[in-house]
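Student: Going by our numbering, the sequence shown runs without a break in its numbering and finishes at 310.
In case anyone wonders, no lab produced these hints; they're calculated from the structure.
A few of these clues could be false.
[Said to hold, decoys possible] Derived DMTMM-like pairs (lysine to aspartate or glutamate); straight-line CA-CA distance at most 25 angstroms: (1) K179 to E238; (2) K150 to E224; (3) K274 to D221; (4) K119 to E187; (5) K157 to E238; (6) K157 to D186; (7) K130 to E145; (8) K214 to E266; (9) K214 to E143; (10) K152 to E175; (11) K183 to E266; (12) K139 to E175; (13) K157 to E187; (14) K183 to E145.
[Claimed, not checked] What follows is a set of in silico ranges between Cβ atoms, one per label pair, in the way DEER data are often shown: (15) S191 to T243: 21 to 31 angstroms; (16) V161 to S134: 18 to 28 angstroms; (17) E197 to F164: 13 to 23 angstroms.
Even for Gly, the Cβ is constructed at its ideal location relative to N, Cα and C.
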Amino acid sequence: MWSPKQSLKNPVDDPKDLRKRIYVQFRSFKMDELSTSPYQFRRTQSCRVTNKGPNGLARRGTQRGCSRSKSTRRGNLGTIASLTFSQKQALNLSWRLLKPQASACFRKIFLELEIASPKVKQIFYKAALVDAFNKDDDNSATMEVHIKLTTKFFDELLVSLDDETEFVNKIRGIGSAHAILAKGSNFSSDIWERLGEIAMERVCSHEVVTKTREASRAWRTLIAILIDELRGGFEGELRQHRKSSSTDQIEMGKMEDEEELHAKLQQLRMDYNQTLPYT
32 MWSPKQSLKN
42 PVDDPKDLRK
52 RIYVQFRSFK
62 MDELSTSPYQ
72 FRRTQSCRVT
82 NKGPNGLARR
92 GTQRGCSRSK
102 STRRGNLGTI
112 ASLTFSQKQA
122 LNLSWRLLKP
132 QASACFRKIF
142 LELEIASPKV
152 KQIFYKAALV
162 DAFNKDDDNS
172 ATMEVHIKLT
182 TKFFDELLVS
192 LDDETEFVNK
202 IRGIGSAHAI
212 LAKGSNFSSD
222 IWERLGEIAM
232 ERVCSHEVVT
242 KTREASRAWR
252 TLIAILIDEL
262 RGGFEGELRQ
272 HRKSSSTDQI
282 EMGKMEDEEE
292 LHAKLQQLRM
302 DYNQTLPYT
């Protein structure tokens with residue numbers, strides 16, 4: 032073990048040089064002690080840097096970070112009631128500024144969704160093809176009509192911010208209306224998640240929204256709740272379809288069993304009559 036006394040062997044040494052040698056030897060001793068320590072040291076979690084996109088947003092459900100998606104479920108989400116008065120004001124004010132550019136913004140969102148999900152592209156393509164032969168009414172399944180309806184939807188949605196029941200029912204109604212696409216077009220819940228990721232990135236990075244912190248937070252909360260309720264309405268209606276379908280199959284199975292039993296009884300009666308001797 033090193034001791035400061037070891038450095039005092041020569042009493043004629045200069046005191047300054049002596050202190051310097053003592054410090055150097057002490058530091059060398061400490062470094063050797065740390066290097067032989069059985070304990071391992073590592074960087075803390077706070078040293079890690081999350082990879083984010085060019086807009087500073089991390090998409091949920093991807094390796095880039097966390098945002099809905101799937102990890103954000105009802106237990107982790109806020110509610111409309113949790114929005115402050117200033118956040119509701121920020122939503123309405125930013126929407127008035129965003130609305131003139133809403134069509135272009137929503138078109139980008141739907142086009143990105145087509146790229147991310149070929150099922151959506153196929154649905155829009157079929158709708159556009161049908162619409163080309165139908166000049167009477169607008170086909171609500173086309174992308175252009177979806178853009179118009181989405182703009183109108185946000186107009187109605189922001190008016191009902193103070194009525195959470197109406198707010199939720201309005202969103203869930205739209206989600207349930209898409210359940211019919213599950214059977215014919217393989218529309219799945221993951222599409223809602225992808226839509227939420229794209230909408231979160233596009234809307235929350237818009238210059239109108241990024242002007243104030245309140246608006247940015249409010250839009251993130253709104254979009255997260257919106258996607259969660261759309262998916263909830265979609266899955267709820269899908270369960271009802273499956274339940275009614277299984278019930279119908281059971282009823283049809285019972286009818287078929289009764290008809291089959293009746294046919295077998297008739298056949299047995301005929302076979303029995305044929306075996307009777309003629310009198």
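Student: None of the hints should be skipped; say for each whether it holds.
Tutor: Here is what the structure says about each hint:
1. Distance check on the hinted pair: K179 and E238 sit about 22 angstroms apart at the alpha-carbon level, within 25 angstroms; holds.
2. For the hint linking K150 to E224, the alpha-carbon distance of about 14 angstroms falls within 25 angstroms, and the restraint holds.
3. Between K274 and D221 the alpha-carbon distance is near 21 angstroms, which keeps this suggested pair within the 25 angstroms criterion.
4. Straight-line distance between C-alpha atoms of K119 and E187 comes to about 14 angstroms, which keeps the hinted pair within the 25 angstroms bound.
5. Taking the CA atoms of K157 and E238, the gap is near 34 angstroms; set against the 25 angstroms cutoff, the hint is violated.
6. A hinted pair counts as satisfied when its Cα atoms are at most 25 angstroms apart, and K157 with D186 does not qualify at roughly 28 angstroms.
7. Proposed proximity of K130 and E145 is supported: the alpha carbons are some 23 angstroms apart, at most 25 angstroms.
8. With a CA separation close to 13 angstroms, the supplied pair K214 and E266 stays within the 25 angstroms bound.
9. For a cut-off of 25 angstroms, the pair hint linking K214 to E143 stands: about 23 angstroms separates their Cα positions.
10. Our distance criterion of 25 angstroms between C-alpha atoms is met by K152 and E175, whose separation comes to about 13 angstroms.
11. Between K183 and E266 the CA atoms are separated by roughly 24 angstroms; this keeps the pair inside 25 angstroms, and the hint holds.
12. Between K139 and E175, the direct Cα distance comes to roughly 12 angstroms. Compliance with the 25 angstroms bound is thereby established for this hinted pair.
13. Distance hint between K157 and E187 is unfulfilled; the C-alpha atoms sit about 28 angstroms from each other, more than 25 angstroms.
14. Between K183 and E145 the CA atoms are separated by roughly 22 angstroms; this keeps the pair inside 25 angstroms, and the hint holds.
15. Evaluation of the 21 to 31 angstroms hint for S191 and T243 yields a pass: the beta carbon distance comes to about 22 angstroms.
16. Between V161 and S134 the beta carbon distance is about 22 angstroms. The supplied range of 18 to 28 angstroms therefore holds.
17. The beta-carbon spacing between E197 and F164, approximately 37 angstroms, falls outside the hinted interval of 13 to 23 angstroms.
In this structure, the earlier hints numbered 5, 6, 13, 17 are contradicted, and the remaining ones agree with it.
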